[in-house]
Amino acid sequence: MELFLYREADTVLHRLDARTKILGLLTLFTVALLFSQPALQAGWLVAVLALALLGRCLPNLKKLWVLLLLLFLYCLILWPMFVKGPLSKTVAFSLAMGLRLDVMVIAGVIVLSTTRVEDFTVGLQRLGLPGPMAFACSLAFRWVPAFLGTAQAVVQAQQARGLDLQGGNVVVRAGRYVPLMIPLMTHVLRQTLLLAMALEAKGFDPSAIRTRAGESRFTPADDAVLAGLAVLLLLSLWLRWKGYGVVEGVGF
Amino acid sequence: MKGGLLEVWRDTRQLVLAAQIAAIYAAVLIPFKVGIPIIPGFVELRPANAIPVVASLLFGPAAAWGAALGNLIGDLFGTLGPGSLFGLLGNFLYGYVPYRLWGRLGPLSSGRPPEPRTPRQILEYALICILASLACAGTIGWGLDVMRLLPFQVLAPAIFINNVLMSSVLGPPLLLFLYPRVARWGLLYADGPRDRKAAWAHSPVPAQAQRAPDGPRILIRDLHFTYRNVAHPALHGLSLSVKAGTLTVVLGGSGAGKSTLCYCLNGLIPDYLPGEFSGSVLIDGRDTRQATVSQHARSVGLLFQDFEAQLVSTNVERELAFTLGNLCPDLSREAIAARITDTLRLVGLDGHRARDPLSLSGGERQRLAIASVLAPRPPVLVLDDPTTDLDPAGRGALYALLRKLVETGTTVVLTDHETEDAVQADQACLLSQGGLVWDGRPDRLLRRPALLEQCDVRPLPLSAFFARLGYRDELPLTPEEAVTRLKGKHVQIEEPTVTAAFPDPVAPVVIEARAVEFVYPSGVLGGRPALDHVDLTVRQGECIAIVGANGSGKTTLAKLFKGLLVPTRGEVRIHGEDTRRMTAGRLASAVGYVFQNPDHQIFADTVSEEVAFGPRNLGVPSHDVPERVREALEAVVLERPGIADADPFSLTKGDRQRVAVASVLATRPAILIFDEPTTGLDYREIRGMMELIRRLNQAGHTIVMITHLMWVAAEYAARCVVLQAGRVATDDRTRAVFAQPERLGPLGLRVPQIPRFTQHYGRTLLTQEELEACFRIA
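These protein sequence lines are chains U and E, in that order. Under this note's numbering, think of the first position of the first sequence as 1, with each following residue one higher. Under this note's numbering, think of the first position of the second sequence as 1, with each following residue one higher.
Hint data in this document are derived by calculation from the structure and do not stem from the laboratory. Treat the hints loosely; a few may be bogus.
[Said to hold, decoys possible] Partner residues are not named here, just some residues of chain U that face chain E (Cβ under 7 Å, in silico):
#: 1; residue: His14
#: 2; residue: Arg142
#: 3; residue: Ala157
[As the list claims (entries may be wrong)] Distance condition first, Cα-Cα at most 25 Å in a straight line; then the derived DMTMM-like pairs of lysine to aspartate or glutamate:
#: 4; chain 1: U; residue 1: Lys63; chain 2: E; residue 2: Glu44
#: 5; chain 1: U; residue 1: Lys84; chain 2: E; residue 2: Asp145
#: 6; chain 1: E; residue 1: Lys489; chain 2: E; residue 2: Glu512
#: 7; chain 1: U; residue 1: Lys63; chain 2: E; residue 2: Glu418
#: 8; chain 1: U; residue 1: Lys89; chain 2: U; residue 2: Glu8
#: 9; chain 1: E; residue 1: Lys559; chain 2: U; residue 2: Asp164
#: 10; chain 1: U; residue 1: Lys242; chain 2: E; residue 2: Asp145
[Said to hold, decoys possible] Output of the computed footprint for chain U on chain E, the stretches with three or more beta carbons under 8 Å from beta carbons of chain U:
#: 11; region: 122–134
#: 12; region: 389–402
All residues carry an ideal CB built from backbone N, CA and C; glycine is no exception.
Looking at chain U on its own, in the form it has when it is part of the complex (with noise of 0.2 Å):
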């Protein structure tokens, strides 16, 4: 399915336990977080592109682009308004934290690369997501690409009348919706009972929800990359203790 980013590929990062995708992109998250200084963050986009050359993820990155483009941009122009000191000081802070947004979303890219959907919800699971909400999530993720194709269908239903989509202010525009979104919800609405009950009807209960037969368990690889994170993060929570890594006198 096209929406999805989960590319298939056999890969060290494919191998690897949700747990540990889900735990490596907290920790890449904190780390980035606690530094400021743009060379840092370089080293960390560097670091990461390097994880999705490996996970053969740069497809999805390149579709993209334009995104962490303009993200980087935003950045850059809109901090050094809101943060006080020496025009170069902000300008470095305000290129830091450019690139520490598009370092953090490429990492969020290269877990849903190369990590199933099931796999994922199974992993938040475990880790401690409440069954039912996992649960919820994963048959929520089941059901976009199906009511996307709704969507269009109801799209084509309405444009077949007549309806043009184009033209016309925010709010006209805006207002064309309604032919949309209310066959859409009502469509899904009528469904909800029959889900229901086709969910009991495979035995379903909310409150005695199970992971499901195959899962993963951690490997040997995985207790070697989650031995690597606990030191990164250590030793990173300790450089900024110091004091390294941050840009000095940018204030708020």
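Assemble the complex: chain U is given as a structure, and chain E must be docked to it using the hints.
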């Protein structure tokens, strides 16, 4: 207060609702944008931003969870980051604030339900939009600023404006439409989750009851059931017994009670669908009221009519693992894997273990749905109307699979409205308006054509014909039987006078397709063109049927004719104009397209509003619109008093289909395209719809219809275009097409009974009228 935030996760219905809201939110969030973006890629004006407020006022806590998860899932399609956490929180509040505050704003509250009708309600609604948007924008803005991702002063106002704008423009129309209907469907927050668990907590799970070895597997005694809030009973006085290891087919028209009967067999009625229930339904000697639906799932597997809705995974193997995990918790991992392999092999899907269900064909998805219900090996399998969307080859394959299952010992019950395959069953039942009218051997039932027709089920045409000839007993069911019955008699079939006039070659060309090729983007169909080198010319006044197996390109071709799609190569011309250069309005007034599912279009409160939508879009002056509406409703014979002001969803499927046709006719197109106009209709309704189409053709419209019912094509279309894998295999008069059954077989199509019968005598007749007019016994 009915149920809080945690209740959502203990009730299946609310859980499903939360997941649905999340999915709609994400699905509408991704592609649809309005106007220039405020912060491109981050904050764009999206219609989706109205959904959390509307859902909150309708569904309460489920909407809060749904909005939060929906935002997260939207992020899972690309922009997962630390901001997602605050996005989750912000959207949760966005969906939480409205329902908590409605009615609690003190003097500012209107004291009425959340429908923005009166000024006070509108004021309250506006206030709530502002407060909810503030909560959302504040949370997200603050969070992202603390993390130094984007400054609060820019992000928060952007999100605030986005939310307030969308919820105030789109919210009221959505609420005004949805509130009364959601109330009717029993999904309103005020209805609350049902307290079923308490009832079952006390009754122990019954042990496997002893069934007498020769006793029936299913025994129904004097069953009466009336849905809540409905006047007439859905089933009354129904008594039925089904032996183990047999295939039973239940026939009946719309509203006969077939689905209701299915739901009674696995305990959904009365456990899930409340109403007045009396009598008993015993499965293996055990009453269905003694256990919950989940407990029943071990002994009765139910496949719903809309099988797509039953698939929950993105992977074939896990789809089966889901049911097995629920119902067979004591199976080891290896045992589960083995069971999955066996079940997939049984339904013919081995080798597809790792595939995404969305990449399978419709027939394969149905088999997957069957497999997922079959995996725990329930002794009884119930299928509710499984053949509606299948082409003839698919129907044959399904019945073959069911017979195979019966041979392994499963008891199978299915409902159907077509009779051609019913002979393969061991037992046949006929339902009419909630009562059991016939129960016995299928071949005996099929020899009662008058009874079948009375119950809105299509009789086999040959048996109906022979009944009219005066034969009383042993009516033939197949052409071969008919020929045998007539052996020794001198049968003569005359040449039929051509009733459906083939079009005047001088009539102007209205649709022309030249060297058309169409390839779906994003690799659907594996890159193979959906249509390849198609040349087709349609003249004014023709009535054409486009037939072919599923996936042959029929709908694609029809959409190209309508201009909904443009060819990747070649051209399509309507009245000489290239569709690529025509505006939506021009296309709507030239070509009308009636979609397969009328519910994809309905969005208005009343039938006349719905029908007026087309003309209004085309800029028809408002004083002319009522005339157009009246004219269109008259053409589709929807003239009974009060119909114009009725809620479209209160009508039957057949009438909703007519409303869809009327709404297309209101733009006065000369060309009409029908995509499977008979889906979901029973025999009487099909006849009604096809007569309507015939009348429209006689009034001068050019008709193009897609159908997989061969008898409909034979009886109503003068010309048949047969597609195979994107190419035109045959394009000729219908009679000529059906005169070559050996060519149609490999294309996955069946020649209907009457032509097959008459071909034994050297002619090809298409309809019962022709047969009666031309049949002679010397």
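Right, here's what the structure says about each hint:
no., hint, in the structure
1, His14, "violated (14 Å)"
2, Arg142, "holds (6 Å)"
3, Ala157, "holds (4 Å)"
4, U:Lys63 x E:Glu44, "holds (19 Å)"
5, U:Lys84 x E:Asp145, "holds (15 Å)"
6, E:Lys489 x E:Glu512, "violated (49 Å)"
7, U:Lys63 x E:Glu418, "violated (49 Å)"
8, U:Lys89 x U:Glu8, "violated (43 Å)"
9, E:Lys559 x U:Asp164, "holds (17 Å)"
10, U:Lys242 x E:Asp145, "holds (24 Å)"
11, 122–134, "violated (count 0)"
12, 389–402, "violated (count 0)"
Comparing the model with each earlier hint shows violations of hints 1, 6, 7, 8, 11, 12; every other hint is respected.
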